[in-house]
Structures are given as C-alpha cells and as structure tokens.
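J.: Chains as they are written, first to last, in my numbering: chain V, 47 to 403; chain A, 47 to 403; chain Y, 47 to 403; chain U, 47 to 403.
Be a bit skeptical, because a hint or two may be false.
With a straight-line Cα cutoff of 27 Å, these simulated BS3-like cross-link-like pairs (lysine-lysine) come out [unchecked claim]:
no.: 1; chain 1: Y; residue 1: 121; chain 2: V; residue 2: 143
no.: 2; chain 1: Y; residue 1: 110; chain 2: V; residue 2: 110
no.: 3; chain 1: Y; residue 1: 83; chain 2: Y; residue 2: 220
no.: 4; chain 1: U; residue 1: 211; chain 2: U; residue 2: 189
no.: 5; chain 1: V; residue 1: 121; chain 2: V; residue 2: 110
no.: 6; chain 1: U; residue 1: 110; chain 2: A; residue 2: 110
Far from chain A by the CB rule (all over 10 Å, computed), these chain V residues [to be verified]:
no.: 7; residue: 89
no.: 8; residue: 189
no.: 9; residue: 229
no.: 10; residue: 323
Keep in mind that the hints were calculated from the coordinates and are not lab data.
Yeah, the Cβ is synthetic: ideal placement off N, Cα and C, and Gly gets one too.
Protein chains: 4
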Amino acid sequence: MASNSFGNIFKITTFGESHGVGIGVVIDGIPPNLVIKETDIQHDLDRRKPGQSAVTTPRQEADKVEILSGVFEGKSTGAPIALLVRNSDQRTSDYDKIKGLFRPGHADYTTFTKYGIRDHRGGGRASGRETIGRVAAGAIAKKILEEKQINIAAYTLAIGDIVAKTKDFNFIEKNPVRTVDPEIVDAMVQKIEFVKAQNDSIGGIIETVVSHCPAGLGDPIFEKLNANLAYAMLSIGGIRGIEFGEGFAASRMTGSQHNDKFYMDGKNVRTLTNHAGGILGGMSNGENIIFRLAVKPTSSIAQRQATVNKEGKDIFCDIGGRHDPCLCPRMVPVVEAMTAIVLVDALMAQQAIKYGV
Amino acid sequence: MASNSFGNIFKITTFGESHGVGIGVVIDGIPPNLVIKETDIQHDLDRRKPGQSAVTTPRQEADKVEILSGVFEGKSTGAPIALLVRNSDQRTSDYDKIKGLFRPGHADYTTFTKYGIRDHRGGGRASGRETIGRVAAGAIAKKILEEKQINIAAYTLAIGDIVAKTKDFNFIEKNPVRTVDPEIVDAMVQKIEFVKAQNDSIGGIIETVVSHCPAGLGDPIFEKLNANLAYAMLSIGGIRGIEFGEGFAASRMTGSQHNDKFYMDGKNVRTLTNHAGGILGGMSNGENIIFRLAVKPTSSIAQRQATVNKEGKDIFCDIGGRHDPCLCPRMVPVVEAMTAIVLVDALMAQQAIKYGV
Amino acid sequence: MASNSFGNIFKITTFGESHGVGIGVVIDGIPPNLVIKETDIQHDLDRRKPGQSAVTTPRQEADKVEILSGVFEGKSTGAPIALLVRNSDQRTSDYDKIKGLFRPGHADYTTFTKYGIRDHRGGGRASGRETIGRVAAGAIAKKILEEKQINIAAYTLAIGDIVAKTKDFNFIEKNPVRTVDPEIVDAMVQKIEFVKAQNDSIGGIIETVVSHCPAGLGDPIFEKLNANLAYAMLSIGGIRGIEFGEGFAASRMTGSQHNDKFYMDGKNVRTLTNHAGGILGGMSNGENIIFRLAVKPTSSIAQRQATVNKEGKDIFCDIGGRHDPCLCPRMVPVVEAMTAIVLVDALMAQQAIKYGV
Amino acid sequence: MASNSFGNIFKITTFGESHGVGIGVVIDGIPPNLVIKETDIQHDLDRRKPGQSAVTTPRQEADKVEILSGVFEGKSTGAPIALLVRNSDQRTSDYDKIKGLFRPGHADYTTFTKYGIRDHRGGGRASGRETIGRVAAGAIAKKILEEKQINIAAYTLAIGDIVAKTKDFNFIEKNPVRTVDPEIVDAMVQKIEFVKAQNDSIGGIIETVVSHCPAGLGDPIFEKLNANLAYAMLSIGGIRGIEFGEGFAASRMTGSQHNDKFYMDGKNVRTLTNHAGGILGGMSNGENIIFRLAVKPTSSIAQRQATVNKEGKDIFCDIGGRHDPCLCPRMVPVVEAMTAIVLVDALMAQQAIKYGV
C-alpha cells in the first residue's frame, strides 16, 4: 500500500498536484549529520524545471524549494526532511476545455474510473510535476552516494532513431538534450524541433551507468537490485520498458556468449565482459550497473485527436498548451534521482544485516 | 525489507534451498471461503517441474505439494496458507567440485560477497527451484482471478532469433516450448536441441497477455500496475528486461502514432489501438495488458569456463550437471504465477479504498 | 522502518520540529469523494492547541492549518493530503540554556545518543507539537467514521488520585480538563493549580470508549485491534501504560468471573458483561471498545533538577518555560485522533479481504 | 497488512492451526553466519510445551521442531529460516460439541463474523499453539542478543492476588509457575490448584526486565521501543494491558517525583531512579527496560456457561477439555521470545541508519 511512498529504509512520500498549492516530498530514514544545503537540492530541481531550452516546454516555473523540517544548523538530524515547492505558473484556465474529456495517452480516463473524481488541471496528481519531489529527495540520496564515491550518469541515448555512438559523460550537462555524443546532438535537436513544428512529439531512450558500486547490494529473491530499479523506473510516467546489460539482445545470445567470465584483477574479482549489466542474482557484482529505458513520445500534442468524454460521447480534443516535444532531456535528472534513492536504500539495508548486528 | 516476501495485501513469503529439506511458501491475505484443492496447486507445479520433455532438464523431481495450514474442509479460512514441497532428487555430490568457485553468470560470487557464506549445492537459495513457492501461490491467486473472469496467457514468443508469428493461445500447453505458433514450434525445438548438443544454451522472449482486466487497477504514483509487474518479473532469475505494449519501439514513434485514441464501443470506453499495452498512468485501462520479457540464456552450460575461486585464484570450472538448455518453457508458469499475484494484490488494494469504507 | 509513518492502508507520515518552520502530515490512502473542509481539521487543532485555559500552557500558537494537496473542489481525490501548520510562537532563545544538557524525563539524552546530533529547541522533533499532524489526520479519519456512525469519546478519567465517578460524555468539551464527571471537575482543576503553584506537574488517566464499532475489525494474530491501539497510544509521548476492559484487574479475576457470556439481543449477538473491553482474539466483538492510558506527569517542571551535560559533567538544569502542568486535557484530542486512524485502517483492511475481491 | 507477520528487518511470519498439520514460522532478515542448532530452538519450545507440570494442561505434545531452510552446515546463510512443528496430540473429536457455538472469552464469534468460516478445532488459528512459531523465532533472536550481552528475564510476578516480593532471576526455571520469589511459589501453586479444582481459572501478571540494553534503540516518533513492545505483547492472546516502569502508578505521581535525574557514573550517563522503565522518548536509555503485563484468566473453563450458537440461539456450552488453569507459566517463554524479536529488530534498524551508510 502506501502508494505515494517509495523505499524501505530510506523512504520518500511525495504529494501535490500540478495546479494545486504545491508539490512536495517527505524523506524518512535519512542518516543524521549529513550536510544538507538548500542549494544542493535547488541545483537538481533547476535541471528538471521547464523552460531550460528551446527543446523543452516554454512554461516558466521557478520551482524554488523550501526545507520545512529535518535540517538543524545545516545538518540532517535523523528526523524526516519535508520539502515543498509552491506552484506558480498556473494557467488553470488552459485546462477548462479538457475538464470533461479524457486525453489520449494520459491518465485521465483511468484516474476517473478508479476514483470517480479527477483533478483535471494539468493532469492533477498524474503530472510530471510530481517528479519534483523525487528529484529533491534524490539530491539528498546523491549526497550519501558521494561519500561512497558511487557515481550515477543518466543521459539521453537516443531520440527517435538517432542514437548516440560515443559516450562522453562530461558532455551531458553541456547540451540541451542531455546526450553523451557531441557528434549527434545537433541531429537530436533538429529531430525534436521537426516534430514540434508538426505539433507532434517523439520518444527516446535514456541509459544509466552506475560506477564504483560495491558488490553485494540488493537481495537475492525479492528486493533484487534490478527489480527495485525496474520498479523505480516504471514508476516514472512515460517509461515503457527497461533492460539491463544486453537486455533484449540477450534473448538471441547463447550462454557461452553471454556468461561474463570472472578473473582476478590484482586482488579484485572482475568480469571480462559485462553482458549482465553489473547485477548477478539480484545483487551488484562490482561492475558498472547499466540499464536502458524506453521513453514514449509525449502524449500531449497540439493536434486535434479523437477521444471520448465523461458522458460517454465521442468527441475531439484540442490540448493546446505548452508541452515538451520529447520527454528525455528533463527526465534524465528524474532517472538519476530514482536510481540514487534505490542505491541508498540498498546500502542501508545491507548495513542492517551485517553480522554482529 | 522482508526480502523474501512479495505483495502488500495478498502477500507471499518463500523459503527453501535447492538441496535443502524443501521449498515452500506462506501466503497471507487470502480471502476466506475460497475453494482450494491440492490438485489445483499440483497442476501448476507439474507444469513447472523438470523432466517434462526433451527440451528441459532430465532431472526428475516429483515436486509434490503439501498444504500445511489455512485450508479447512476444503476452503480458505483467512488464515495464512503454508505450502511445502520436499526436495527429492538431490545429487548433492554433483556440486562438490564447484563448492569453492564462482560459476560465471550465477549468483555464487555476489552471494558470497554479500553474506560471507554460501550454500553451494545447486545454487542454494538462488536456485530456480525457489520459484516452486511462487507457482504454488500463483495457483491460488489464479482461482481468485477466475471468479472475475480475468485470464492470463504467458507463452514463449521467441527462442533465439526464432519468433512466433501467429498466436494460438490454445496451443501453449500442447507443445514442449510453450509457444503460440504451431508453424514455428519445430524450429524452436531444433534450436534448443542444437545448442544443447553444443553444450550451450539459448535465450528467448516470453510474452504475457492479460485479458478481461477491469479498468482502474494499480495506483497512479507508486504501486503502478506496470511498475509492480516489472518488479515481479525482474525478481525472477534470468530476466533481463521488460517492455509494455510497444515497449522499446515506442522510443522511435511520434505521439500522433503512439497515442491510443479513445472511442465508445456501445457503453464501454475503448481504445482504437493498444500501443500502451493496457496500462495508462499506472492503472489498467480495460484493454489487454501486454508485456514481453527478455530471458537470458541459461548460465549453466556443460563447457569449461574460466572463472575464479574463493581464494582469489583464476581457475576453470566444469559445471556438468543436468540443466535446461533454454529457460523459457519452464519459466512460463512462473511468469503466469507472478502476474496473477500482482493482479490479485491490486484487486484487493482497489477494494480497500472504495468510497464508504 | 519508516519511523515517522503510521498505518497500513490509511497511512500518515508526520514531519516537523517544535521550533522549525512548521509541523505537518501527509495522509495517504484516503478514499476519494470525501468532503474535506479546512474548518473540520482546524476544529480539532483548536482543541489541541496551547493556551486554551488556565490549566494548560500559556503559550499562544495559532496552529492554523493549510491544505497543501489532495483536495479538489472540496473533496478528496484519492491523492495524498498534505497538511502544514507553520510555527509562530517560537521563543528559541528560551532554550539556549538547555542546549548542551539533557533534561530529566525528556528525550534529549536518548536522541543525542542515537543520532549524535540534537535540535534542542523545544525538544526538536520530540515535542508535543508533533501531535499536530496526528490530530489533523485524525480529523479526516473521524469523517470516515462518522459515515459509519462509529463514535469515539476520549476523556480525562483521573488526575493524580482524583478519579471521575460518573460519566457524562456531553460534559467533556464543556470543562477545561476534559473530564466526564461534573462533580469532580473543580477538584481536578484545583489539583492542577496546586502542583503548578509548586512548580510541579501531575499525571493522570485518559479513558477512551468507542461505540457502535462493527464486529470483526482487527486481525487474529498480528494487526490485532488491541495491539494496534496499544502501539498507537504508546507512540504518544508520556503514555506509560494501556489496559483494555478490566485490564490489570483481570489479573486478579477467575475465568468464571471474567468471561463475558454471549446472549441473543433480538437478532444481535451481545455479551452480558464487557470485561474484555470490546475486543476478543484481536477483533472487535460489537460491544464498546474501552481502554485506559496511564499518563505520566509532565517532565518539564520549573524546579531546579540535577542532570548531566553533553561533556559528561554533573550539573543542574532550570527549564523555566511555559509548560502544561498536566498533559491530560490537551492529550485527549490526540488520543481520539490516533484511535480514529487505527479504526479507519482496520475498516479498510477488512474491506480488502472481503470474499469475491 | 500482512497480518501474520511481525517485525520490519528481522521479520517473522507464523502459520498453522491448533489441529491442522502443524505450526510453523518463517524468519526473514537473519544475519548470516550465526550458529543455529535445532537444540537451541527445541530448548525454548520445551519450556513452552504443555504437560510440563501439575499446574499446566495435561495435554502431551512433543512439539519437535524441524528446520526446513536457511541453515547450512550449522550456520545461518542470510536466507529465510522456516521452522515446522507437526501437531500430534489432536483429539479433534473433543471439539465436535463446540463446532456450532461461540465459547465465551474466545475468538470464535469474532472469527466467524469476520471471515464467515471458522476452523473450530481447538480454536483453529486463534490457538495458543500459534505461539510455537514465535518461541522458535525468539530462540534465534536470543542468540543475536547473547552476542551483545543483552539479557531478558520474564517471569510470573503475580497469580491472582499473590504477588512476588523478592526477585531471584535464577529461580525462574526452577519452579513450575516461573516466578521469582521462592517464598511465594507454594502459595501460587496452591492458588492454581484451588481454581482448577473448582473448574475455574485465574489471571496473573508477567513482568519482564531487559538488562544491558544499549541506549538509543527504538525510534522517536513511531517505531518507539515501548510502542513496539506494547504491540508485540498485546499480540499475544490473553494480554489485557501493559505498563512500563511506574506504569499506572505514574498517573498519581508528580513530575518532581517521577523524573529520573541523570548523573555521571564514571564515564556513563545513568539515572538515579528508573521510574521510566528504561525508555525515554521511545528510545532505550541504557537502564533496565521494565514492563508488566496483565494476563487474563484462561477462558476455557470446565464449567457450564451460557452462550449462543451460529443459528442465533441461546444455549449452554460445556467446553471440557484439558486447559491451563493459569496462562502465566507457559506464557513466560512467549513474552521472552517476542521481547527478543523486538530488540533484534531495533538493533538492526539502528545499524541501518548509522552515519556513513
């Protein structure tokens, strides 16, 4: 249950709607004495916020975070940290025309069917703005990972059929689509501008690489590290698939091709290849953790679409509005945040069972 | 935590090792007055057990289930149902030669690193035999779904690069690979026999279709139906990826192509297409739920492989043994079982929040 | 884990410190379409707030609630409701003198030992103000109970050795100590004024009666209704014991005296007596649920007390400040709130397992 | 939910009915490399089993435990440990006469109302035999506490109005009522024999003292150590109340009497008194943890009692059978076990949040 909470020991609970008072998160289970600055959190929120570039939505939201609790004299105390971002750019009237109908590709119909009531303004709770809470919580999780030198790089691997060939992680924050290949970035931007000009949108692929993760994180049956990452990623709106290491390509490989052979690298156990993507039997093996996410094209497009309304009539809908033509660039920090939360939770769980409790 | 438990309201906890006393499961949260027969459970265990055909492992295990609790005069009472399958075909000595080394592709190394101890016999806890508990629990979950006329079909869609073209669900249990295409089954069997003859193994793809699922199951933020399915599926050993509806293909589509338009089918809201795979915003929309799983090639192959041992020395390992050359045929009932458990849990969660508690 | 959360299906997470930005709560699992007014919540907060009468602390806090999320056009949507009360009367400097020492009877020492850091201002997180979140959440839970005609009456049964003899539930909100006996209220008030004049404090007993609770709430092994109530009550600071029905007196009774005989009251199964306090085998039996709480005397007293400081030196502490000489009057609404939350959670859990899911 | 599970990190799930196949438990979250012998578990089961002396039920049950999983070469592996005790002395026909009626003081009526079905044989799931699983799990928890030198002493403090005056913990296992006062044991035995001769039963009080518990266990808001102990104890059938330290007597004390003053005992922070019972603000303070439990008189008495049946008719019931005339002696090991489980869970939770995760 607790369908707005995520994590077991390091646990977040998000709240808030797109056009309500604000969006927030309560983070429980934070180790004490961690230096927490509002600017650390704001930095990641700024990477997520709308209006960053020509390829994202032109909506302007300050998305300024306020720490409501849990930080005393600049440090975590072990108490829950509540963070609040008040909504500002709320053109609620933009949504009047969709009040009674169900937008294709959105949660409108399923929400109404489930609850018998729906906050139609900007998707209500089922809005990308909900991820503000996750990104804010992830900024704190990342501080814990930093102390362990565990690093997460998430980036746009593909937009439509344009796929990054080389991978320069330092390039990610230097380009508007957050890709890793300087040679391909222009093509990606043009692709987005092209679909936008057609009042359309485009999908893509986000890849994540976790480096310096110690071996042994995650559990062998449930709470597997890959299962938890899959759960975390599929809990982000618009993700249609996840694959680890070779992923779907593994379905066409033989065991002799796919098995990663172990060898000794000095005193360290390593694998010659990394087809498994850094996780064996649900637990990290010390190699890079690698997974890819299928990102669907944005559902909100500025084209007239056939749909139905609450009264059960076929009608057309014109969404209009100001939407991201591609979800990938602004989703990268969300993926990074959720990855960080999963890893911290696994680290804390691992610490709990250490012999000699 | 509770890393051997799955589910929130309908909750299973599995236990047991490959070569220990037995494998079992405790199922909590079962509605009372459900007719439960040992034969219902045995039927699904027989579909999972080894030695069913030439394409599976020749190991022979009776896998006979015993109901330890929770059933009174043939009905569930609301008390937890514990099920136990005692191990029989335990050639423990088969595993003596791998006692001190880490088999490539297996959880040996990660288990030892995490816990500092490892039951090496048949993989110990990290054995496919652990899924006996899941299949047994799934048999009970399926009885609940039957009353709701919700149906699950899981099947082998591909083995290596051989992919089913047509889909005849009635054919699934009539062929040894549990595929849906009568035209392609021979090629699949030959593919498996070919890799087996080479002391090798092969991957594949399992697809699942849930039909007649009511709209509104799953939650909008966490506990999304697709996220829970992804967690459930990635918790099965050997799964390397999952995709819903169009999945990774959606990354190359535009919004106008991908959005499923709503229309009225009499009094029912339906979608013209089903690119989303039956789930919108984390909740079922009443269309078929469709997802595919990437299954890696079996790690246990009868070839000499390079690896390392506990003492940190490079050595070779010869696994020998009697292993499935392809995981798909026997994994189908496991996928079906986990799907059933996720759906029942979502049904019960939905019932809990109904207005007027 | 999740040590700031309470409940399984109807779940609250509280946050905030006594002298931080504010105190709040996120309530998850609220059924949709429930009419929620800020005034409903404010009404209960006003019953809890300081400065209500001569027998409570003279601190003045408006404790004005703001609904941050989850309510749309006056109704719950199924989304989490976040509530925030900003702190106002923060004389932080009052606490400078206790910064480095551990007040007797308080959580100062244990908090510092556990976390290695402590927000000393007003007890930080370990402040009675934390219960604001619980009372606010309880106000919503009570709205659900109202629809079921389930009623909760909590009241001061005793202050020191002065014990209410008669029970007039309508009198509770008409007297400053929230007792039920109009004959004894003056003696109670005088008792409190007497200890206050001596710079001391006094304990008491709170009793709770739940009427019209349907039979069958709570679970038979864990999640017993009485166990959940005990957990809820002991989670309130200052509670030192709980007893149901005859409670400790049952330890001196024989079975023939204590067993409540069943009889038919028309079509209803009733018991002739109610020694059990309305709960049998962890489940409500339809009789009134009755329990009593031992409330310790307020730890903050305006007397010099021996203690130690962070540096491990014996010193004296002078707390000063403005404290309640008796915790009971303002704790009554907290007890009521936690009782309501437990009952709603049990109602929703019961609804989940109903046959035919 | 998960109403047959207890604990967060160290987690038990019990199953089984009084007259079913057997009683068992799955223990999850056990640290690896713990030496676990069947005899350790059997030792505690023998202390709980019926037929130990003239003051307990004359039923004879071997209650022989079988380890089904999780132990490899005599050590825990981190995998769940499942334990099973098969039922033997099942005189099911003894219960035929109560099949259709509701015994006073028992869970018969509430179980039937909740589930619409009831295993009437020996109370079914709502039998004292369910505690076998708890005692078995507690034996493992106690092994972890032993390494930390944390000791638990539970004992019969009172039977009816006969109360122990002196406390010799070494005497507990040397007398049939498990009391601590050699002077009073004969009076207690006579009291039990007296009520038994009258076909009646008697209540009592069990007290528990935990010594050498480190400071800082338990959490400050929910998951308070006292709240968790209260939940654990009230989850044992027949417990009607719990009090910590001074308990209900604190309600009659002033703050100046009740506050435990801190002082330095060498380098250790200690309190001059221990009115709080070793827990401040929900966290252990390093002093002895002390609590008392109100135990009701056994409901099963060999007297004719008025009651009703399933058809809603007033009738009489004659339970007959072989029951404990006082629950205390055999409940002591159950209390000890649940205390151990709560402490281990708190130790592991504390380990998880340590800074530097």
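J.: Mind listing which of the numbered hints don't hold for this structure, in increasing order?
T.: Those not satisfied are hints 4, 10.
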